Each structure stands twice: as C-alpha cells, then as structure tokens.
Amino acid sequence: MQELEFITVVDRTYPWFPSAQDRDSIGIDMPNAYYDRDLGQQVLSEVLQGAQRAERLGYDGILVFEQHNTPLTLIPNALTAAAWLAGQTKGIRIVANGPVLSFYSSPVRLAEEVALVDNLSGGRLTLGLPLGIGAAWHGYAVANPVHARPRVDEAMALLNKIWTEDGPFAWEGDYYNIPYVNVWPRPRQDPVPVFVPAAGSRETIELCAKYDFTYQAILVPLPVLQKNLELFRQLRAEHGRPDDPSRIAMVLSVHVAETDAQAREEVEKYALWGTQNIFRYQFHESFPPGHASQGSLRGMMSGGYRSADVSQTTWETMTHGPLGVIAGSAETVRERLAEATGLLGAGRVILNTEYTLPMWLQEKSMTLFAQEVMPHFRAPGALASWQRQPAAAYQTEAELIGRTPRRAGVPEVVMGDQTVPLYPHVPGTR
Amino acid sequence: MTAIPEAPVSGPPVEKVDLRGAEVAYRRRGEGPPLLFFHGLGFSQRWHPLHERLAERFDVIAPDLQGFGDSPPESWMTGFDDLALHYAELADVLGLHRFHLVGHSFGGWVAAEFASFYPERLASLTLITPLGLRVPGDIPRDLFRMTAAARLDVQLNDRTAEVLGDDEGRPGLERLMQDYADLTAFGRFAWNPRYDIRLDRRLGRVTCPALVIGAEEDRVLPSSHVRRYAELLPDAQTTIIKGTAAPSGHGVVLQEPAAIAAAIESVASRSQSQAGAQ
Chain A
1 MQELEFITVV DRTYPWFPSA QDRDSIGIDM PNAYYDRDLG QQVLSEVLQG AQRAERLGYD
61 GILVFEQHNT PLTLIPNALT AAAWLAGQTK GIRIVANGPV LSFYSSPVRL AEEVALVDNL
121 SGGRLTLGLP LGIGAAWHGY AVANPVHARP RVDEAMALLN KIWTEDGPFA WEGDYYNIPY
181 VNVWPRPRQD PVPVFVPAAG SRETIELCAK YDFTYQAILV PLPVLQKNLE LFRQLRAEHG
241 RPDDPSRIAM VLSVHVAETD AQAREEVEKY ALWGTQNIFR YQFHESFPPG HASQGSLRGM
301 MSGGYRSADV SQTTWETMTH GPLGVIAGSA ETVRERLAEA TGLLGAGRVI LNTEYTLPMW
361 LQEKSMTLFA QEVMPHFRAP GALASWQRQP AAAYQTEAEL IGRTPRRAGV PEVVMGDQTV
421 PLYPHVPGTR
Chain B
1001 MTAIPEAPVS GPPVEKVDLR GAEVAYRRRG EGPPLLFFHG LGFSQRWHPL HERLAERFDV
1061 IAPDLQGFGD SPPESWMTGF DDLALHYAEL ADVLGLHRFH LVGHSFGGWV AAEFASFYPE
1121 RLASLTLITP LGLRVPGDIP RDLFRMTAAA RLDVQLNDRT AEVLGDDEGR PGLERLMQDY
1181 ADLTAFGRFA WNPRYDIRLD RRLGRVTCPA LVIGAEEDRV LPSSHVRRYA ELLPDAQTTI
1241 IKGTAAPSGH GVVLQEPAAI AAAIESVASR SQSQAGAQ
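Chains as they are written, first to last, in this note's numbering: chain A, 1 to 430; chain B, 1001 to 1278.
Incorrect hints may appear among the rest.
Have a look at the derived ranges for each label pair, beta carbon to beta carbon [said to hold, decoys possible]:
(1) Pro150/A x Asp1142/B: 23 to 33 angstroms
(2) Asp24/A x Arg1020/B: 35 to 45 angstroms
(3) Gln234/A x Glu1023/B: 20 to 30 angstroms
(4) Asp1142/B x Ala20/A: 54 to 64 angstroms
Derived by calculation from the structure, the hints in this document are not laboratory data. Note that the structure is a prediction, hence the values are computed from the model and not measured. Every residue gets a Cβ at the ideal spot worked out from N, C-alpha and C, and that includes glycine.
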C-alpha cells in the first residue's frame, strides 16, 4: 500500500444568498449586500473548528484557500488565515493556498508575508501559488491577465532567488525593477514547501519540475492528467530529481458514512447545491483575455472542457470515474482512494468536504475517515507526518543553544575605550 | 420597416507588410487621398460596406489592428505609445505622408492616441463611437464580460443577423479561437485602465479638422463620451448618425455605411478647403 498524506480543506462557503438559475458567475458581482455580519462570523468560526478538529484527529495537514469577490469562501487572504490558524493549533501542517502573485504589486511583499507566517507557525507553512482563477481578475486591477504568465514567471524566479540567495541584490526584470531586494525575516523553513495548483499547462509542469514544487492537479480529465504527470516525472528526472510521490498532490471530494447509501443520503444535496450555485462560471467569465494561451485553450476546447453546463451536473455524473466524488462506507472510500492515487502515483491527497455541510455531519465524516481510512495508508503506528518529522522551529532553549554553528554576526558595543560583545555568553556566535 | 442588408461585398485580398518583425495584415482598395481605418472589437478580418463606399473617393487601408485578426500579436507591445509608433511606421512603409484617419470604438481610441502623437500627419480625424476617455459616472459597457456573440448583439442592438447576414460561417472552434485572440488583443491595451486620462490634455495637440460620430442608442458607450471628445479636440464637430430601420447603435459603422461615408467625406472636404485657404 502506497503511504499517503491527507490534507483537509477547511474553507467554508457562505450560503446565505438567493439561488438563481440565470447568473453568469458567482465570482465577480454577487452583491455583498447579502453578507450578514453574524452569519459571516459563524462561517469563519467553522473554519477554525474544522482546523482544530483535523489536528485532533491526526490529519497531516489543513489547507486554507483564498478566493475573491465571492461567497465561495470568506477567506480572501490565505496567509492571513494561516497566521490565525497557526495560533490556534499546535503541530499540524498548514497549507496557505492562494496568494496570487499577479495580485501583488511586488513579489517582495509576498516574500515578507510568507516568511513571517512561516516563522509564526514554527515552520509549519506550505505555500500554494495558483495563477488565479479567471473570474478573480475582474476585481483585481493590479495586473493585466494578458501579461500574467510572463509576469508570474518573473515573480517566481525572484521569489526563488529571495529564498535561495543572500540579499541585498538588485532585480532588473521586465515587470519588476527593485534596486534592493533584502527580505527580513527569512522563512523559518529552508525552503518553504510550495504547491502549485495546476490546470495542465506545460509551463506549470516545467515550473514545478524546475523548483521542486508539488504539482497539485485540478480540473483535468484523467488521461490528460496521466500524460501531464508522465511529463512531470520526466522533467523532474532531467533536473536530477528522483521520482517522489509526495510531489504529486491530487484533490478528491470525500464523504464517509456507515454505508454507501447513508453517505449519499448525507452529502448529495449539499454537493448539488454547490454545482447549481457556487461553481457556476460561464466560459467568458472563466477566461478573461489572455488567461489561457491559444495552445491551452485549443486543447481544453477540443477536449470538451465544460461543454456541459456545470449547474446541470447530476449525482451520477459527479461521482462517475476514479476522480469523481467519493461518498461511501469506509471500505468503499479506502478502495476508491487506493485506485485514484495509484492511477496518478500521487503521495498526497487534498480532501474536500462539501463546504456547506452541517458541522455535525462534517465531524462525523472526518472522524470516520481518521479512524477507518487514514490508518490503512500509514506505516504501523499511524502517526501523522508532522508527528514523525521534527518541525523546523526549535522547541526548547536547550535546542536553541545546541544548534550551531550560526551565520550571524556578533553585536558589539563601545564602552569608554573598550569594544565589548553585547551578549558575551551566547555560544556559537563568534 | 425592415432593414435590407447591403449586398455582400467581396473585399480586396489580404496584404501583409513586415515592420521589423511585426507583421501587419491589411486590406486596401480605392483611389484618391489615403485613408487609414482602424476597426473596433469584433470587426477585424472584414471588408465592410463602409470600406467599399469610402473606396469610391479614397485609397482605403484597413489593417487588422495589432494582435487582431491576421496581424499576429507581439508580446512587447503593451501600450498605446507602442501602437502610435507602430502605425506611424506602417504609414512610413506604405508611403503615406499625410492621410485621413478613421477609427471605430477601440479603433477610435487608437486613432485618438495616434492623433495626439502625430497631429501633423493627419488631414482629418474621424472618431466613431470612440472608447478611450474617462467621463466620471458614465462607464462604458464591460465588453470583457460577455460572449463574442453577445458583443456583436450589444453593438448592433440585437440586429446582428439583419446587419451581418449569414456572415458567421466559420467552424465553431476556429471562430472561438479567433474571437478569444481578438479579445486578448483588446485586453492587452484596454484591460486596465479602461481609459487614458492623458488624452484629456494630449488631444489639444490635434490641429486637423475632426468629426466625432455618435449613435442614437449606443448600448456600449454613453453619449457623453462623444461630446467630451468634441470638447477636447480643438477643431471638432459632432454628429449623431440616425438609423434607417431602427435606432443606430454602437456598431453604426456596419448599420449605416452610407451616412457614415458621407460624414467622413464632409470632414475630409473641410480639411481640403482649409488646406486651400492656407
């Protein structure tokens, strides 16, 4: 049995808006007049409940994603939420999936936020760097989607230099000219792990192979995905990187109950509400100008991308195939998980629950998953990865002292005609 | 009353010119003073009845704008200054020293920018339902948030089939690819900001006679934009071209080619009489 890491999504949808069949998109102009401050508070508090429960149950990680201009999640800044969740949990890994490089006026600002949150979390941060869904560009005027790809490539190269080289240095790019790049603090981890949610472009596959990022596969039919991952493994090998299932993460919707019938009974209506309301994006809303290259667009359209209206999705189509929604008994879920991850060679699974599922049902499903599914994909003892691997952060004062040598300088002070060290007793600093 | 579409025009062949690696596709027909025509979004790769009428009096050159239609996109082109330089270079290569310039919608914006950079090269300037200005409170319709078919409908006031006839014959995927390429070309320059506030000052440099044409029922551009252009251009007149079958719309170039051609001829002759008086 391939061992798997399980990362559960903790975002929650704000569902308190009227349903309508004629909306173009919910990701641009759903009026925030429907935002009720009390109900919004409740939705956000459910994010925290989910996160703390995931840690208690022994999941490997929690994932918080950001979206913009939409009630799909009330988290428009995944790093801010990650800082909050880090303060409310102890050891679980936190994936902040969502800072969109193009929405920052400078990648340096993002590098600062990442370094700070990684330190605040004790080195528990994993960063997700998506290109940004098409609809989000309408509400963000920072960058032009036509220039997104080369701008992101440059920003990524700058981030990588920030993470791997000492500052200060000058950056002279096509999109950014920063005379003094010199980020303080540096991240707690070296390096901060990175996921890239990828719809399948070759550019993203190359990026992940080049920088040793985890390829997070989304929204792609299985045969295309398998071909992409084959290319990913091949490009990794060309960069001298060994085959590593942990560098492939797949997203699966999972609900566990006592029986298959019970699972469907519990989750179906929430899943259907999602497709009928929250995931409605028309083509022209999903693809602002230049968001897809001509090559990618031709590939997607020839492959029948979203040729069917997503709001017409039925439970049968939703659960069809190895990448479809998995709802069933623990036994069914175990089988389907083994099949799906086996097909892709994935070592990490990002688990979606329906974002509107009542909390008591979410707890029931997550608990069954933790007790009856997770241990089957772990080494004896069933420890979570964060229990097995020491965190980057030191835990005790003794450990701090023990970590030498250092690369720091020695602060000195002039006292009369003498220059003396400010902290004479810290070992390893001379 | 029903509108009768003008008889389909068999356009001139597409010609191409290479401007130091940047290729421009254009259609050219007619004799007389040169006239450069810049199309709007959705109207590339076409030889309009308007072009045909103008070709009776002018040497009409109608390029596919940068990145639209058969003019391949150049990633280094990012701003209207690039476009102004690019079309000055086109005029140089084609040997057009001084010429009449006409632009519709986005093409009107490009024409306005060109005029502010090279006022001395223009014999006249005609802007038809032109984008490009900021008029506080009067925001043009968001052309990025609709299908290509809807973009035609909103410009032609839901009379697309009537006006264009059975002209949409390309296969589905190729059509979609071309529409997306054109939208991308539009977005490259017009995504953000969706106006150029510098035009407010720069247009004062334009010395040639100018005409700003509006429509009766423009569902894209508020009529205040037409008036504002006329205020900013030192020697401008405005006219509203009325529809013959139904109120004219943003795509008035396609709806009322005869009246538009007559208006362009009149501003061109104003230019000639001025030249004669000097």
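Comparing the hints with the structure gives:
With their beta carbons about 25 angstroms apart, Pro150/A and Asp1142/B fall inside the hinted range of 23 to 33 angstroms. For Asp24/A and Arg1020/B, the hinted distance range of 35 to 45 angstroms is satisfied, since their beta carbons lie about 42 angstroms from each other. The hinted range of 20 to 30 angstroms is not satisfied by Gln234/A and Glu1023/B, whose Cβ atoms lie roughly 35 angstroms apart. Between Asp1142/B and Ala20/A the beta carbons are some 20 angstroms apart, a value that contradicts the proposed interval 54 to 64 angstroms.
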